[in-house]
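**Student:** In case you want the letters, here they are:
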Amino acid sequence: MKKKLLFKTIYILFICLLSASLVFSSSALTVNENYYDGLYSFIDMMYRNELGIDEIMGASLNGVLDGMSQYSCYEISYTDTGKSLSGIGANLEKVRDGFIIVSVNPSSPAYKAGLKSGDIIYRIDKQNTSVMGVNQFKSYLGEKESVLLEIISRETGRVTAVRFNSEPDYRNDVDYVILDDAGYIRINAFSETTADIVAGILGSLDSLGKKEIILDLRDLVSMNIESAADIAGLLSTGGTIARVKSGTFNVKKHEVDFNVKILVNEMTIGAAEVIAASVPAVIYGQTTAGQAYSIKKYPVLTEKAYIKYSQDMGTGEITIILNKLKARGIELEPDDISGYLNLVESGVYNSGGKLISENTRIEPNVVIEDTEIGYMDYVPGEGMIEIRRNYSEGSVNYDVYKAKSILLELGLFDGLMTAVFSGDMTDAVNKYKSSVGYPEDGVLDMSTQAMLNTYSMKSAVLDDKCVQAAVSDIN
Amino acid sequence: MKKKSLKILLFILPLVLVVMIPLVAANEGFGGVLNAYIRLIDDRSETVIDIIDLDKNIIKGALSGTDKYSYFQEITTYNSQADEYLDSNFVGIGVTMTEDEKGAFINSVFVNSPAYRAGLKSGDVIIAVNGTDLKGKSLKQIAAIIKGPSKSSLEIEILVNGLGEPKKIALTRDLVIIKTVTYTMFGDTAYIRMTGFTNKTGEEFSKILEKINSAGVNKLIIDLRDNGGGTVRGCIEVARKILSDETIVKMDFRYNGYLDIRYVASENPNDYEIAIIVNGNTASAAEILSAAIKDNDRGILVGENTFGKSLVQSSYLILTDEAYEKYSAITGETNMHVIIKTLPRMGIEPDEDEWLGAVKLTIGEYMTPNGESINNIGIEPDFIINYNGLIVFDYKVDEEIFVFDKFNIGMVSEQVKKAKSILADLGFYKGEINALYDQEAFDAVMQFQAAEGLYPYGVMDFTTQSALNNRLRLSNAEMDKQLMKAYQELTKEDN
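Top line first, the protein sequences correspond to chains P and E.
For the first sequence, position 325 (counting from the first letter as 1) is numbered 325 according to our numbering, and the numbering increases by one without interruption.
For the second sequence, position 103 (counting from the first letter as 1) is numbered 103 according to our numbering, and the numbering increases by one without interruption.
Warning: the hint list may mix true and false statements.
[What the hints assert, rightly or not] Label-pair distances were calculated between CB atoms; the ranges are:
#1 Glu478(E) <-> Glu372(P): 22 to 30 Å
#2 Ile75(E) <-> Gly352(P): 46 to 54 Å
#3 Asp377(P) <-> Leu474(E): 51 to 59 Å
#4 Lys112(P) <-> Thr98(E): 34 to 42 Å
#5 Glu143(P) <-> Thr98(E): 24 to 32 Å
#6 Pro350(E) <-> Lys83(P): 19 to 27 Å
#7 Asp321(E) <-> Arg388(P): 55 to 63 Å
#8 Glu452(E) <-> Glu143(P): 55 to 63 Å
#9 Ile75(E) <-> Lys83(P): 55 to 63 Å
#10 Tyr78(P) <-> Pro149(E): 53 to 61 Å
#11 Ile330(P) <-> Asp321(E): 34 to 42 Å
Source of the hints: derived by calculation from the structure; they are not laboratory data.
Don't be surprised by glycine CBs; every beta carbon is placed ideally from N, CA and C.
My request is simple: use the sequences and hints to build the entire structure.
**Tutor:** Take a look at the structure:
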């Protein structure tokens with residue numbers, strides 16, 4: 001009897017707690033809907049152009065996120081219009097004020113203008129870029145001959161304005177240079193395909209019998225933890241790479257045949273720190289930044305889609321709607337989405353289980369004062385391809401000739417040395433692309449051309465205190 | 001039995017609650033979608049939402065999705081934007097400003113003010129005063145920092161055109177005489193300088209025009225360089241004086257409650273020959289006037305392509321969340337603006353703390369008389385002349401003779417010294433520049449009079465002094481290529 005009473009008490013207590021917690025969670029933060037409807041109808045009535053709800057929803061959500069991490073932000077959904085994309089020679093990721101510079105390409109307009117990793121592009125031709133997506137930005141550059149960009153310096157916090165002439169944009173996620181004793185790999189950006197490219201490079205190094213890798217993670221500001229975990233998995237012997245709120249990145253135990261040397265500096269941030277912490281390696285350079293966030297992306301439904309799906313799914317809660325849609329295998333139509341909300345869900349725990357923070361910065365094994373990347377001033381020489389457009393079978397261009405010369409040196413091409421993109425050239429390009437992890441589509445695209453160019457960058461890469469230290473430790 | 005039902009109830013209750021939570025109603029409209037995503041952010045974000053400033057942050061955010069001229073204003077800023085500092089003379093540096101995200105944006109610079117002499121221009125942004133950062137300060141606070149005792153000095157930091165590295169400039173505060181219109185004569189041409197448009201500009205312009213008319217002059221050079229605009233009313237009043245029965249501008253508003261206005265000049269003025277000088281800083285209301293002259297074929301434009309801002313803004317107060325609910329219930333309206341418009345009719349005035357702030361919105365655009373939009377395009381002058389130098393008239397006023405007395409041999413005056421200086425520059429006088437009207441000066445004046453076609457008798461009378469001033473202006477004006485072109489074109493039509 002007494003036991004039963006105890007049970008009952010515990011049960012009632014449990015229910016009280018549960019109810020309390022439910023009441024608490026149901027009083028989730030909300031704003032006065034009537035107020036915002038009244039405000040919206042007023043602005044829409046007065047403002048010179050018709051303003052759709054969906055048009056200013058994203059910008060309003062950026063307002064809600066004010067004061068939170070820069071990486072929590074809204075971004076307009078951008079459907080490729082087929083217009084040519086232009087760039088300034090820097091890799092970008094979306095943040096609330098605009099775009100953060102992940103890395104800067106050698107001798108690019110961005111490099112010449114003094115832009116650095118971590119700087120933020122916040123206005124373009126005096127317009128805010130707070131809701132603009134990266135591809136939308138590149139498409140805008142493509143439409144203009146020149147643009148005025150306003151940039152917030154990470155170092156000084158000051159705004160500078162620089163005029164850029166737009167130039168063709170191409171992805172060059174990885175620079176790969178074969179040195180005498182090692183393969184030098186610099187990660188420039190983290191994307192869905194970066195890990196595949198690195199895997200390809202590791203395969204080609206393996207076939208060349210090279211066991212030494214210098215992995216350059218300096219001046220690299222990215223929060224793509226997933227891509228970083230994929231890359232780290234290739235060089236880690238197994239176990240946990242990183243843990244975030246929504247899951248853990250694990251990799252099976254496996255043999256790694258490479259001796260890895262990693263280069264870092266104070267601008268090695270986020271994704272790069274995940275790699276540096278989990279890959280067994282000797283680390284050269286300066287202490288890393290100690291800052292990483294896990295970002296989750298949620299589609300922002302248009303008002304019409306929100307009403308439709310909430311009726312279909314019987315709830316007004318976005319997360320439940322999205323989960324139910326997923327469970328039922330229903331894909332959102334492009335018209336249903338006005339944009340995406342990137343939310344920082346948590347920090348990132350490194351392979352040692354510690355939160356990446358100012359207290360867990362990565363200290364190099366070999367401290368090097370000068371961590372400047374050696375080949376940033378590198379100017380493409382005569383034998384280099386002038387990256388202007390894609391080539392495929394049938395193309396005739398001097399750049400095809402140059403590409404053939406490089407492939408000849410790599411032992412992948414042995415045909416006629418002409419400017420014609422011949423059938424045997426298609427085979428050579430495919431062989432090369434497969435060796436670096438690119439899809440074998442026979443196209444000599446601009447990214448492949450950029451990768452081919454890196455073979456002649458050897459001496460420039462060696463003009464670097466960190467690379468020199470790493471190389472001298474190999475010998 | 002009772003116990004059992006209680007038990008069942010206790011068991012079911014949490015289940016019901018669990019089921020009920022997802023049944024949050026989906027509401028239509030802006031507020032409904034916004035709330036759905038605020039719940040998502042609240043639920044899924046690592047850091048918490050800033051609740052205290054949430055309403056302001058959302059409105060600021062929403063307006064960042066519109067054009068660059070539309071933004072949220074704090075109530076203090078809204079209250080201080082009334083033309084208080086335009087209506088009286090004051091001690092300061094001589095600029096009108098609006099707040100900018102970096103500090104104080106300069107709208108216009110008064111002629112001969114300390115800011116003018118230091119080369120500040122409309123479009124520059126003041127970011128600091130005496131080391132105090134202006135970022136985030138209201139206009140009232142900024143004005144208080146800038147104003148001070150006459151002859152006291154201050155150091156400001158500016159961004160030229162709002163861009164680049166900050167530039168430090170030392171200034172001395174002075175009494176600023178607020179005139180947007182000044183004029184001077186040379187020959188049979190009146191040169192009228194307008195640095196901005198306030199609600200008093202029309203009045204100033206009328207007075208000057210009366211003097212010009214009474215002198216029998218009908219050639220006008222209107223200098224609108226570095227004139228960043230101002231009130232539309234000021235500009236319309238000026239245009240009405242120099243156009244007759246022609247369209248000045250068409251206003252195209254989005255809101256149906258605002259009639260699209262076509263301002264028409266109805267007065268019947270003199271048949272002026274007009275040349276307008278413009279440059280890249282000629283914007284907004286100054287462009288309305290320029291386009292009105294150009295499109296109606298009432299004169300020529302000389303200089304550089306204008307700035308190209310034809311969007312019109314207006315500020316509106318907005319209520320706080322609680323005040324909205326309260327007054328929405330009283331008025332039976334839901335639209336914020338309709339509620340606010342209805343309250344005065346009901347004799348209700350909300351308390352100061354019932355206002356959240358204000359929103360400045362682009363509410364429309366003006367079209368030139370030909371129905372063109374010039375936004376981001378500007379107006380192309382008839383004669384394109386590039387010139388980067390000083391607008392010399394504004395700088396040389398001190399060197400002119402102040403005409404109030406006749407001079408003959410033996411008289412001593414500061415004005416004589418100025419006359420000698422001008423005669424020396426013109427090559428008529430080679431002696432010492434002093435205040436004594438001596439024989440040498442007498443001879444020089446006689447030669448000057450002969451050269452000017454005046455009666456050559458050596459006495460420096462009013463006519464002679466005016467002629468000397470005219471020559472001074474012309475010799476200075478020669479530096480100013482845009483002005484010279486305007487002058488040549490106007491006088492050429494004579495022949």
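**Student:** Each hint: holds or not?
**Tutor:** A quick look at each hint next to the structure:
For the hinted restraint 22 to 30 Å between glutamate 478(E) and glutamate 372(P), the CB-CB distance of approximately 54 Å leaves it violated. For isoleucine 75(E) and glycine 352(P), the hinted distance range of 46 to 54 Å is satisfied, since their beta carbons lie about 52 Å from each other. Under the hint 51 to 59 Å, the C-beta atoms of aspartate 377(P) and leucine 474(E), about 55 Å apart, fit the expected range. Restraint check, lysine 112(P) to threonine 98(E): a C-beta distance of roughly 35 Å satisfies the suggested window 34 to 42 Å.
In this structure, glutamate 143(P) and threonine 98(E) meet the distance hint of 24 to 32 Å, their C-beta atoms being roughly 31 Å apart. Our hint of 19 to 27 Å for proline 350(E) and lysine 83(P) is violated, since their Cβ atoms are close to 49 Å apart. For the pair aspartate 321(E) and arginine 388(P), the beta carbons lie near 56 Å from each other, so the given range of 55 to 63 Å is met. Restraint check, glutamate 452(E) to glutamate 143(P): a C-beta distance of roughly 60 Å satisfies the suggested window 55 to 63 Å.
For isoleucine 75(E) paired with lysine 83(P), a C-beta distance near 44 Å fails the hint of 55 to 63 Å. A hinted range of 53 to 61 Å for the beta carbons of tyrosine 78(P) and proline 149(E) is consistent with their spacing of about 56 Å. The hinted window of 34 to 42 Å between isoleucine 330(P) and aspartate 321(E) holds, with their beta carbons roughly 36 Å apart.
Checked against the numbered hints given earlier, this structure breaks hints 1, 6, 9; the rest are met.
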